[in-house]
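Each chain, written out:
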Amino acid sequence: MKVDRRSFLGLGLGAVAGIAISPVGAKLTDDSSIWTQNWPWTPVPPDGKITYGQSVCTLCPGTCGINVRKIDGRPVKIEGQDTYPVNNGGACLHGIAGLQYLYDPCRVKTPLKKNNGRFEPISWEEAITLVAGRLGKIRENQRPDSLACITDTNLGSVPGLFSHFMTAFGSPNHFTMQTLESWLTQTAQTLHGSGHTLGFDLDNADFILSFGAGIIEGWGSPVACFKANSGRMQRGAKFYQIEPRLSNTAATADKWIPIHPGTEADLAMAMCGILLQENLFDPEFAAGFRGGLNRFNAMVQQKYPVDQVAAITGISAADIKKTAIAFAKAKMPVAVPGKGRGDGAQSLKEFAAIHTLNCLTGNINKKGGTFVKPVPGYLAFPDPVQDAVARDGAAQEKLAGSAQELVTKIHQSDAPVVDTLFVYSANPCYSLNDPMQTRAAFEKIPFVVNFTSFMDETALASDVILPISTFLERFEDVPSKAGFAGLVVGLAQPVVDPVFDTRSPGDALIHLAKTLGGTMGDSFDWPDYKTCLKSLVPGIWNDLSKSGYAVVSQGPPAGRVRTDFAFLAENPSTIQPQGDADLTLVPIDDMRVASTAPASSPFAIKTVSDRVIKNRDMFVEINPKTANGLKDGGFVTVTTPAGSAKVRLNFNEGIMPGVIGMVKGLGHTFDNRYVAGKGVNVHELISPVIEPGSGLDAAFGVKASISKA
Amino acid sequence: MQDKKAHKFGMVIDLDKCTGCGSCTVSCMAENNIPFKEDESDKKDSITWMRVYKLTNGKSFPDTQTAYLPRPCQHCGGKGDHGHSPCVSVCPATATDYGYDTGIVSQIYTRCFGCRYCMVSCPYHARYFNWWDPVWPEGMEKYLSPNVSPRMRGVVEKCSFCYHRYQLAREQAYYNETDEIPEDAYQTACTTACPAGAIIFGDLNNPSHRVHQIVKPDPHPDPLNHDVVGKSRNPKVFRLLERLGTNPKVYYMSEKEWIRKVGDSYLDGEWDKMKNHHGSASHD
Amino acid sequence: MFPFNFEWVWDIGHYLFFGGFWYAIGILGAGMTYCIAKAAYDTVKGSQDNHH
Amino acid sequence: MDAALIPEGAKRCSFPKFMLGIAIVGAVLLWGVYAMLLCWFKGLNQTNMNDYYGFALWIWADLAVIAVGGGAFFTGLLKYILKIDELKNIINFAVIIGFICYSSALLILAIDIGQPLRGWFIFWHANVHSMLTEVAFCLSLYFAVLTIEFIPNILENRQLNKVPFFHHLAHNMHGTMAIFAATGAFLSFFHQGSLGGVAGVLYGRPFAVREGLLIWPWTFFLFTWSAAAFGPCFTLLVTRITEAVTGKKLVKDNVVHLLAKISGWMICTYIIAKIIDTIYWATVTAPGLGFEMSHFYTNNSFYGYWILVTEVIICGVIPGILLINKTTRENHSLRLLAIILGVIGVCLNRWVMVLQVVAVPVMPFDTWALYIPSWQEVATTILPVAYGIILIAVTYRYLPVFPQERELNQSKAQES
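Chains as they are written, first to last, in this note's numbering: chain A, 25 to 733; chain B, 35 to 318; chain C, 454 to 505; chain D, 150 to 565.
Pulled out of the complex, with its shape left as it was, chain A reads as follows:
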């Protein structure tokens, strides 16, 4: 057949018409829509049986009970546990995002050994043998005290096991990071003798005078504090917040009293003076005062006259007086120390002065008061078995008063101070002031063993990494701490099998001790950590295993409390911020940003305001009056004696003129694109200042200048 143009056109049109009316088009159209609803790269979570697992969150000192919803054994959601006596339902954002830590891109998946600056995977057996070999040599050289250890806290059986390990090994050099709990213990020890710590009955107090404590910024046990804050509104209890910046806590307070940063101790001293002068102290409680109340009184009257303190603090004399009197006249007043989360650099003087206010009111160990309570003693550790080498080593003097002081010492010394360092659940290379110095110090330590779940800054500076299971994958006793009034011990339990080749830190230590053998093996005569834990908590194991927690104490502690004024009567000097620039830079604690280890989760970072982080740049808060023609949002360089950083300005009418603030917990440098590489680590701009006497870092801030970048 001859195909001419006309029939060709006809055929073409016919074909088009034919296809158009056939079901092919409709079918393809329908298929396309179905395909877009089932794109293979969009995950479809498998369904299954719903079960729940209970555990305790250990991401912060808050120790909240959590409830994990699982689908066919796969955890899908963390929520607060309604019956847990710390948080009573509810959880903070970090805990709720806990599952992101389980699958975190920078989880350490297997033991690692550093070889020429690069990590290579090794087996657990190899790793333990490697560490044991090193430790064996140290003992051969009769220098067990050259093993040091930094843990996040000293409470609970796992830090206890590290302590046990150190003692058995023969080293006094076990340090903890500075936490609110360590401050409180130190304060209680100074004023009431060792073995004490402080708790605050915020649930019942009727007047809370907070010296910068971020009651809703993560201070203490955050969820418990949030609840206390809601509760006090319902009760009509008064809440005064004294701090340089209108924090969220200050914003919900009945009264916000702005104060020049770092002068809180002076204010507290002046208030003590007013209470003493106006005879507003409790004579009955004062009967237990020791160490020179009169001397103390004379000193504060002389050194902290209200007018002078008014000038120092920037609070009017009338306000200081009014506040002090209102506080003293309240039925159940509580003065709360610990700026922000309470774990930053502060001074013992400040803590002691503030707590002295509590002591003067006499509202101690009463409902709605401050609890001077014994440090948790529920753990029954057997005495470690020491050989001669260990006994000699353990008798040596402790190298430093704090982890910060240790690091400073290592950094400054030419001779090796520490041969081997253990780090557990802490990130000193990030969260100590001047982390550059910390990293340099770590360089100088020949062998760093890190027990960690995450490849953080300190892990990167370590030589061997022993990957630790997260709180969702292991057993651990978790005592309440950080100013919580009672003592609740919770049981963290595995809600899921370890996702990677990780172990409980207790198991790792037991394994290590057994490999070392000898008295070390004898000291760690447990088959595994779970058995060990059971034997350590004989009194409460039943409660722990049955209900997941044990209430060891609640309500006011019994017994008389003695108060020793010797420390304050000496009038220790107030630590001044370093430098001579015009502005004072202070770190800001933001509830949405985790400031210590582990770092924030991707979800938490997602909630952070675009006035804190924008793209990769970070903001500093500044009062517009202080900005001197610089623009809101503009780039500036902040310079302090420790260093400088390029940041953006965030005009905030809620920060005192002359003060600039930077959120703590950002500027991580490890490999996690969701969390790290955003902003600046404020610790980079602050050098540590060791407080004489306490050995603690008291650099609460630093003098800074800003200039257009």
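What the hints contain is simulated information worked out from the structure, not anything from laboratory work.
Do not rely on the hints blindly, as some may be mistaken.
Derived pair list, reagent style DSSO-like, types lysine-lysine, alpha-carbon separation capped at 30 Å [stated by the list, open to error]:
hint, chain 1, residue 1, chain 2, residue 2
1, B, LYS78, B, LYS295
2, A, LYS670, B, LYS77
3, A, LYS558, A, LYS538
4, B, LYS78, A, LYS346
5, B, LYS88, B, LYS71
6, D, LYS311, C, LYS498
7, B, LYS88, A, LYS649
8, B, LYS295, A, LYS649
Starting from the structure of chain A, add chains B, C and D where the hints point.
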């Protein structure tokens, strides 16, 4: 099966208790399989069904005051509370719908073709578009919940008042052979997460529920603006942009006048005339 | 679009909207059908004309 | 080379020169196509739109091309229904411009939606209460009408017209065109209106919301009216450009003057309505919701009162007056100025009703949101322009678009 009596699920958020901690936002993200990107600092393309806004009274130091306002989808009943929410009435493909039995504004992801008209219609910015395909870091997709399907790119999503929890509660009620869904059997993820107890959720139609008791919704239209129904008779309680007539089911509560004022727009001097007007009851 | 779509409601909105729609479709369809048919008819008739 | 396809008696440039022109514009077109493919395959993250700017440059482009494409329906209405016969000399071109505008609008919509493969849900699962549904239905149908109106012109191509069936089809379609045009006018009225309704029904957006008649807010009528008023301006403008490019006079002055005069009166009446609407909105509607007018025009770095003045006075009142006044209308330069201002005015109006609507903060603690389109958005918006130029070039070359072309240029050819 239709419930005998229609529910009207709603929320009261106590802004004085709200600490701005962000737990509600994270709980919502974890519950509803909301993805995250490397950079979430552009809040205009960051999916947060529950977003917490920071409020300020605009005064300078030291009189400045701040507060936080969590903003889920307001589940508007629309003008006159007839179910024609701003978004539902504009969706061309019926991909978002008003549940007359629950008062919940739903979103059908597989129906939505991404025209974004609903987002333009919503003055609360409660609606979010999936500009990207959701991607989880390797292995992290294991925590995804099967109760809420992850969304594909190119569709709009928003808070559903955790509708899947309502379905579970209804199933449970069915097993228990009752029509009644107890107040605590259906609570949204943000409510249960809030550590400050600032969020209260329940049935606004049920006098035994706390939301009803706090809000005391006025069943009659506001005599000043007939589009507004369900105004609170509690002088401390307000709704966002109530004057537009969107009739949200999310109520806010504060003792502070400046916070209540910042919830809506007022002409100069208008606030003082209007602030004490709370529904028809006050005129009785 | 069609009464068998589940979101279809027999209400005034649907009567008016789809009434208008199907009416317009009808007019256009009928008009084009007429034109094509008439053109075909004219072509057949016209081709005879061309042989004149 | 292609002489056999060129209309009889018409002079056209050489084929290589023509192809060179097409190639240049084609390059721009390909750039647009590349951006379009990026948007389809990578998703709308290629744009600078965000959750505040769900509607942005594309929706503006959509509204603008439909507004200026309104010349087709309005000229059709005048020609076929009101029987103003002079307009037969420009109707073909008006239809082609309309066809380009509407096909562009549909293309942009296909790029704009997040799930293009499900775009047909708007028909299948139609929500009759949505203005956008009305837009989609009327737009698609009216595009069908424009295609029907365009077909006879195509069939009049010298070669195609030799096919008897096509010849008859073209003839018959001309005969029935009044019915199609009437349907088109009806559809246009609704979709132009519902595009206005898109903004007007947004009662959550005090900047956009308007009271109205039954279910239709005032913007519904204002949009229809403005499309009818300014559409012919665009037809005249494109005609003028085509004349400039080809260097020929293609439409007689009396036709141009007539259309310009009609457009002028439409603009004047529209702008009076627009001014009344603005005053009512600014003094009654918005304040009733708690908003002072100044809220919408201050506290941001772009949207000021200038935009209102430009849209209503400079690009509304002025072109209206220039076009109703015989002297200014018949002055070449002033007429050109008027139609350019008119086109800018209607485009600005569409911009305001889309982008300023979403830029204005509504919650008292919200902030202004400003936006700059990404290159992908710009390229895909220029794509239809390139496509339009090519289509006009091809149709002008091969179809008898301008019935007066021969007459107007014969004398000229003889003179030279």
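Now the hints, each set against the structure:
Distance hint between B/LYS78 and B/LYS295 is fulfilled; the C-alpha atoms sit about 25 Å from each other, no more than 30 Å. Taken as a hint, the A/LYS670 and B/LYS77 pair is honoured in the structure, with Cα atoms around 22 Å apart against an allowance of 30 Å. Note on A/LYS558 and A/LYS538: the hinted pairing holds, with a Cα-Cα distance of about 19 Å set against a maximum of 30 Å. Simply put, B/LYS78 and A/LYS346 have alpha-carbon atoms about 46 Å apart, too far for the 30 Å limit, and the pair is violated.
For the given pair, B/LYS88 sits about 23 Å from B/LYS71 by alpha-carbon distance, which is consistent with the 30 Å threshold. With a C-alpha separation of about 16 Å, the suggested pairing of D/LYS311 with C/LYS498 holds against the 30 Å cut-off. Between B/LYS88 and A/LYS649, the direct Cα distance comes to roughly 22 Å. Compliance with the 30 Å bound is thereby established for this hinted pair. Between the alpha carbons of B/LYS295 and A/LYS649 the distance comes to roughly 27 Å, so the proposed pair stays at or under 30 Å and holds.
Hint compliance for this structure: hint 4 is the single one not met.
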